[in-house]
Amino acid sequence: MNNFTKLKKQSTAEWNTLLTGEMPVIYLGMASCGKAAGADKVREAVKKALKKYHLSAKLVEVGCIGTCYLEPIMDISAFGNPRVSFGNVDERAADSIIRKYFLEKECHKGKVLGHFGAASFDGIPRFFDQPMLQPQVRIVTKNCGLIDPENIHHYIANGGYEGLAKALQMTPDKIIDEITHAGIRGRGGAGFPTGIKWRTCRNTKADQKYLICNADEGDPGAFMNRLLIESDPHAVLEGMLIAGYAIGASQGYIYIRAEYPLAIIRLRHAMKQMEKAGLTGKNVLGSAFSFDIRIKEGAGAFVCGEETSLIHSVEGKRGMPRTRPPFPAVSGLHQKPTVINNVETLGTIPHILRNGAGWYRQFGVEGNFGTKTFSLVGKIRRSGLIEVPLGTPLRKIIYDIGGGSQKEFKAVQTGGPSGGCIPEELLDTPVTYETLASVGSIMGSGGLIVMDRDTCVVDIARYFLDFIQKESCGKCTPCRVGTRHMVEILEKICRGEAEPEFLDKLESLARLVKSTSLCGLGQTAPNPVLTTLRYFRSEYVEHLKEYYCPALVCSSLIEYTVVKEKCTGCQRCVSVCPTGAIVGPRSEPHNLDPDKCIKCRACYDVCRYDAIAGNAIVITSRKEE
Amino acid sequence: MEKRFASFTEEMYTYPREEGSLIPLLQKAQSACGYISPAIVETLADYLQLTESEVFGVASFYSQFRFTEPGRHSISVCLGTACHVVGGGTLLETCERDLEVKPGECTSDKRFDLNRVACLGCCALAPVVKIDDDIHSKVNIIKLKEMWSNYE
Chain A
411 MNNFTKLKKQ STAEWNTLLT GEMPVIYLGM ASCGKAAGAD KVREAVKKAL
461 KKYHLSAKLV EVGCIGTCYL EPIMDISAFG NPRVSFGNVD ERAADSIIRK
511 YFLEKECHKG KVLGHFGAAS FDGIPRFFDQ PMLQPQVRIV TKNCGLIDPE
561 NIHHYIANGG YEGLAKALQM TPDKIIDEIT HAGIRGRGGA GFPTGIKWRT
611 CRNTKADQKY LICNADEGDP GAFMNRLLIE SDPHAVLEGM LIAGYAIGAS
661 QGYIYIRAEY PLAIIRLRHA MKQMEKAGLT GKNVLGSAFS FDIRIKEGAG
711 AFVCGEETSL IHSVEGKRGM PRTRPPFPAV SGLHQKPTVI NNVETLGTIP
761 HILRNGAGWY RQFGVEGNFG TKTFSLVGKI RRSGLIEVPL GTPLRKIIYD
811 IGGGSQKEFK AVQTGGPSGG CIPEELLDTP VTYETLASVG SIMGSGGLIV
861 MDRDTCVVDI ARYFLDFIQK ESCGKCTPCR VGTRHMVEIL EKICRGEAEP
911 EFLDKLESLA RLVKSTSLCG LGQTAPNPVL TTLRYFRSEY VEHLKEYYCP
961 ALVCSSLIEY TVVKEKCTGC QRCVSVCPTG AIVGPRSEPH NLDPDKCIKC
1011 RACYDVCRYD AIAGNAIVIT SRKEE
Chain B
-1 MEKRFASFTE EMYTYPREEG SLIPLLQKAQ SACGYISPAI VETLADYLQL
49 TESEVFGVAS FYSQFRFTEP GRHSISVCLG TACHVVGGGT LLETCERDLE
99 VKPGECTSDK RFDLNRVACL GCCALAPVVK IDDDIHSKVN IIKLKEMWSN
149 YE
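Read top to bottom, the protein sequences are chains A and B.
Just add 410 to the spot in the first sequence (first one is 1) and you have my numbering.
Each step along the second sequence adds one to the number in my numbering, with nothing skipped, and position 27 is 25.
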């Protein structure tokens, strides 16, 4: 273990120099979400400002800390003060934050979020005391946004690869015992106990075994895996090494979506550093264990998140599922025993090894130990990535952490297209695999999409079914044909062309697809329809009988009109209308021609957001028998 | 084009001649040549000892592969759930209508090709539109039209 001790010493020295050195450090959140919010421009502005004020500082690019609604985020640590974080930083703000901090020695009050020190500092709250972060328990996301994901020393200095070093001194069986005792279940959504999966593979005799990390996060509206890999790739890679050693595999694959280019770059970078440090290849850290990791880029197929489809895709075939058993842990890739674990599961493993199963079991509830990450998005006030102990009630997640919905709360969708819509009255449901299933949804990989009164549940059900129908691989009839019929019925309801008996047809079709499909994709596809029918049936009936869409979403059932008394004649709507449906001279009320209107909402949006317009454009839906 | 095709075939020979190489090679071919042409299907089938229908069967299964020439710039409109609930669909419709192009196709002046994408993973900043490698967040129709003018 000498190799590791040496490595650890070197890393700690580098990390301490960064923390306590003379040179000020500016950290920039540069995950995909930060970049989309303009972090690249902020970085250039920071460089310019440093030059302008004749300052020197070290720029460190970090991942995302999870408070995506505050992106771009910039932290400064200097003069021996604790690291201070600033949010919603644009180019102008970057300049003034730096000027104030370094020249006037004060923190920009309008942009400061919090500090990372232990004691109080300058009247600024602690970053982790913010309402979004305070209720969270950060295990797998511990390093996210705090360390440089492209620097292995940052990871090692923060406890990285200690789990591996410890594992290599244990027997594989002992490791599996520890994982089984910890009670961790697959974080990809199905919740199969990881220890049992590993044991099955370990006990199957074969000359070659494989480990696959499933990073094919196809669930629309979920980004936990992307964020973890972009912000802390080594955590996942360390988990892969431990898993590989425990099950007796010498080859690992990471199956990752091609839509995540930055995550792939970060992984490649991390893998090069591992090789250099002797953490992969022959004799890992001087032990008898050898392990190679390769990246397989997915080519865009939602069904490849299913284990057997994923294996076919790695083999170069069409990604279609097959019947199980045999389970992949017995016969998987190239008919060899293969364990497939989700990114988050693997990212958690090093922490369990480092701190012990007993430590892990203090989080969560009996049968559902540990924490789970969720991407909290949709019509929520504070969107981003969060990590909470299992058993946390949905209400706490949505209101305490997320700050509630933007308008009146309607439902929350868990588990993406395979999950269900959960209404207000069930928000006290604790988040565990079993309770979510009991209300008709699933845990899924961790997407939480919040909907408010402006979201139409029929439209949402149509959206998910349409997604599934396009992604159905076509192998089994219930999924291929059944989902198609369901989409057609839902489209008719949204267009106001359906008959009242369509609801019963839809429901029985949904049950048929659920009970007869081959793989998880088809078996769970009807969940959005079944849950919305169960909890929001009246909304379906309103669409059917009254041609009324209460959320004003379904375009065939709504109309746009200009309220003459309110219209200031500012012509902003005239300039954005793509079809010339709105006309009128300046300063006089405008006219909207319903025959030309395509209901694109452009005029509605400018009329709401433009100060000179008068909220004159309104959307109404028919309500007639 | 021929030059890029030649450089791809040269690189192809460094891959093992087994079925597992098919998807990585298709990805390589698309990044080199922009799309999967009949000539590429034929070359890959020959090299990997598969039939052309097997190669095309795999390629057409995955949404990443395109079979028509791309434009100078690629617009990808995200239609993930978070983007859908805040108007991603309207953005796609606007692109279709104003640029007179359908998803998977390319404008007649070859300026833009239009694609729908299931999720770019920037859900907290929805709706998002990606043009080439730039991800634009919180897009609305007005911002979208301004964005186009930066790509000629």
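Please note: incorrect hints may appear among the correct ones.
Result set (DSSO-like, lysine-lysine): computed pairs, CA atoms no more than 30 Å apart in a straight line [unchecked claim]:
1) B:1 - A:817
2) A:552 - B:143
3) A:880 - A:974
4) B:1 - A:451
5) A:462 - A:451
6) A:880 - B:1
Not everything, but these chain B residues come out facing chain A in the computed CB check (under 7 Å) [unchecked claim]:
7) -1
8) 48
9) 82
10) 83
11) 119
12) 140
To be clear, the hints were calculated from the coordinates, so they are not data collected in a lab.
Glycine residues also receive a C-beta, built at the ideal position from the N, C-alpha and C atoms.
**Request:** Starting from residue 880 of chain A, check that the Cα of residue 974 of chain A is at most 30 Å away, please.
**Result:** With Cα atoms ~44 Å apart, residue 880 of chain A and residue 974 of chain A exceed 30 Å; violated.
**Asked** Should the hint that residue 140 of chain B touches chain A count as held when the rule is a Cβ pair under 7 Å?
**Response** holds (6 Å)
**Message:** For residue 552 of chain A and residue 143 of chain B, compute the direct alpha-carbon distance and say whether it is at most 30 Å.
**Reply:** Distance of about 40 Å is beyond 30 Å: violated.
**30 Å Cα cutoff - pair residue 462 of chain A, residue 451 of chain A** = Holds - the C-alpha atoms of residue 451 of chain A and residue 462 of chain A are around 16 Å apart, at most 30 Å.
**Asked** Do the alpha carbons of residue 880 of chain A and residue 1 of chain B lie within 30 Å of each other, as the hint requires?
**Response** violated (36 Å)
**Item:** Pair hint residue 1 of chain B and residue 451 of chain A, alpha-carbon separation not exceeding 30 Å
**Value:** violated (36 Å)
**Message:** Given the hinted pair residue 1 of chain B and residue 817 of chain A, is their Cα-Cα distance within 30 Å?
**Reply:** With Cα atoms ~56 Å apart, residue 1 of chain B and residue 817 of chain A exceed 30 Å; violated.
**Message:** Let's test the interface hint: is any C-beta of chain A closer than 7 Å to that of residue -1 of chain B?
**Reply:** Given a least distance of 23 Å, the restraint on residue -1 of chain B is violated.
**Interface hint outcome for residue 119 of chain B [beta carbon to chain A under 7 Å]** = holds (4 Å)
**Prompt:** Against chain A, with CB atoms and a cut of 7 Å, does the hint on residue 48 of chain B hold up?
**Reply:** Given a least distance of 9 Å, the restraint on residue 48 of chain B is violated.
**Message:** The hint names residue 83 of chain B as touching chain A; please verify it with the least Cβ-Cβ distance against 7 Å.
**Reply:** holds (5 Å)
**Item:** Status of the residue 82 of chain B interface restraint (C-beta, 7 Å, chain A)
**Value:** Constraint on residue 82 of chain B satisfied, holds at 5 Å.
Of the numbered hints given earlier, the model fails hints 1, 2, 3, 4, 6, 7, 8; all others are met.
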